[in-house]
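245 is the number of the first residue of the sequence shown in the numbering used here; add one for each residue after it.
Since the hints were made in silico from the structure, they are not lab data.
Incorrect hints may appear among the rest.
[As the list claims (entries may be wrong)] Label-pair ranges, simulated between beta-carbon atoms: (1) Thr401 <-> Asp381: 42 to 52 Å; (2) Arg294 <-> Glu478: 54 to 64 Å; (3) Gln541 <-> Arg650: 48 to 58 Å; (4) Gln653 <-> Glu503: 51 to 61 Å; (5) Trp362 <-> Glu478: 31 to 41 Å; (6) Gln338 <-> Ala667: 26 to 36 Å.
Since the structure is predicted, the reported quantities are computational estimates derived from the model, not experimental observations.
Beta carbons: idealized from backbone N, C-alpha and C, even for Gly.
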Amino acid sequence: MSTELVSAVRETVNDAVGQSVAVLKGEIDQAGGEPLANLHFATGLATAPRALPRRALGMLAHLVTPPGTVAIVHLPGGERRVYHPGSYTLLGLQPGAALVQWVDMRRRHVTVGPVEGWSADKWRVRLWLTVDVEVTDPLKIAMHREPLTALTAAARTGALRYIEQQTHAALTGIAAGNGGLDAPAEAILERLRADPALDGLAVINVRVVERQGDERQIEAATAATVAAAQIDEELRVAAARHRARLQDLQAQAVLSEREHDIRMAATAAAARERLLVQQSEVQQATLTARLQIVMAQIEAQASEIAREEKIWQAEQNRLQMEWERVQQQLLDVHRTDQQLRLMEGQQGMLRAEGELALAAEEKRNNHALALAEIQQRLAEQRIAQAQIQAERRATHERDLLELNLRHEQLVAEQMQRLEQWRAERIQIGVQQKRQHERQLAAIAGTAQIAAAAASSAASAPVEGDVDDSSEVADVGLRALQDLVG
245 MSTELVSAVR
255 ETVNDAVGQS
265 VAVLKGEIDQ
275 AGGEPLANLH
285 FATGLATAPR
295 ALPRRALGML
305 AHLVTPPGTV
315 AIVHLPGGER
325 RVYHPGSYTL
335 LGLQPGAALV
345 QWVDMRRRHV
355 TVGPVEGWSA
365 DKWRVRLWLT
375 VDVEVTDPLK
385 IAMHREPLTA
395 LTAAARTGAL
405 RYIEQQTHAA
415 LTGIAAGNGG
425 LDAPAEAILE
435 RLRADPALDG
445 LAVINVRVVE
455 RQGDERQIEA
465 ATAATVAAAQ
475 IDEELRVAAA
485 RHRARLQDLQ
495 AQAVLSEREH
505 DIRMAATAAA
515 ARERLLVQQS
525 EVQQATLTAR
535 LQIVMAQIEA
545 QASEIAREEK
555 IWQAEQNRLQ
565 MEWERVQQQL
575 LDVHRTDQQL
585 RLMEGQQGML
595 RAEGELALAA
605 EEKRNNHALA
615 LAEIQQRLAE
625 QRIAQAQIQA
635 ERRATHERDL
645 LELNLRHEQL
655 VAEQMQRLEQ
665 WRAERIQIGV
675 QQKRQHERQL
685 AAIAGTAQIA
695 AAAASSAASA
705 PVEGDVDDSS
715 EVADVGLRAL
725 QDLVG
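Sequences are here, hints too, so could you generate the full structure?
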């Protein structure tokens, strides 16, 4: 006996959990897959109260409201809820009876008649009516015992009262100033809308579909009404033709204006496009010219540096040749002096040798001083040329470095934006994966709770099986509510 009870409890819990999860996910449209029953409107507009079937140990119910109806659920404790067309899952129902009623919200055509009475001038008159109604307050209609019967009785009473108060000519539309043939319908419509017995119903329209009285008076009234209607129709058709002609002229004027606007817009767009193309070409030409100017400046500076280097090299060669010439002159002077000293004779050799030695020493000193000055000027010129070349090279290097830094900064910004976009995409994927894992963990936990409850019910005594199964069901339902929340 205990094994059968444990198996039954386990199957009940598993079915309740599986069905609840399927309903919450929207995998099934109705609880238990039962077909929707045909609704029988006992009062003509509302069904009789019936018990709402429950599932999942009485804590869950499924309600289906067909199109054109409204469901009113009476809950334990006196609470009433209104559900519009659709499928609903009711959770957390309290113990007690839950009743449901469906109210027909579609528009109805109620036929009333014949209504026969005596007019004020004692002519017998019969009227056949149709009343168009629809439900505005389903709660009041659900509490009403016979709404359509009350509507029919109110329509009959209003028609009889109107017949008794009016003459035959007024009822048939012959008398002027009484509203014509539609006067009875309008009077009955106002009376029905003011009737408190029809609270919850909206009377949309009342029509007199047929009437009987004195045939001669009715034919005369009908002929006059038809003639007036034909005249009104002709006037209406003429006015409609005039309005159509005016609308046609207005449409042509609007069309011409719009065509002119479109042409002007197209011309302006073409002019803007040409202007943009010209601006783009001018900007491109400007950039090309600037680039050519920069390249020309760089080439001019390079040629200037090369020219200055050639000048400096030529100056060096000239100075070297000047120094060699001076040395050659010194050598020639020395040779001439030696020849002169040899020609003077032996008697003045000692004196001439001393004088020549002093003169040669003085000339060597002068030549050394001149050579030192020349070398000093050459060194100063070399230092000045080197400084100018160093400044120009430093200026070019700074310009190249700035261009390189600007390019690297642009590349770094693009790489930073790309890395930020990749990080955001990775973070969104991680959040979606975590949310999916939490949902799977909640469902797995609910299944584990049901399995643990079933195993605990198998090991417990028979008297405590009912209480344990209730606790297991409560735990499973709380887990499902947490999952829905």
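Here is how each hint holds up against the structure:
{"no.": "1", "hint": "Thr401 <-> Asp381: 42 to 52 Å", "verdict": "23 Å, violated"}
{"no.": "2", "hint": "Arg294 <-> Glu478: 54 to 64 Å", "verdict": "59 Å, holds"}
{"no.": "3", "hint": "Gln541 <-> Arg650: 48 to 58 Å", "verdict": "19 Å, violated"}
{"no.": "4", "hint": "Gln653 <-> Glu503: 51 to 61 Å", "verdict": "52 Å, holds"}
{"no.": "5", "hint": "Trp362 <-> Glu478: 31 to 41 Å", "verdict": "39 Å, holds"}
{"no.": "6", "hint": "Gln338 <-> Ala667: 26 to 36 Å", "verdict": "50 Å, violated"}
The earlier numbered hints that this structure contradicts are 1, 3 and 6.
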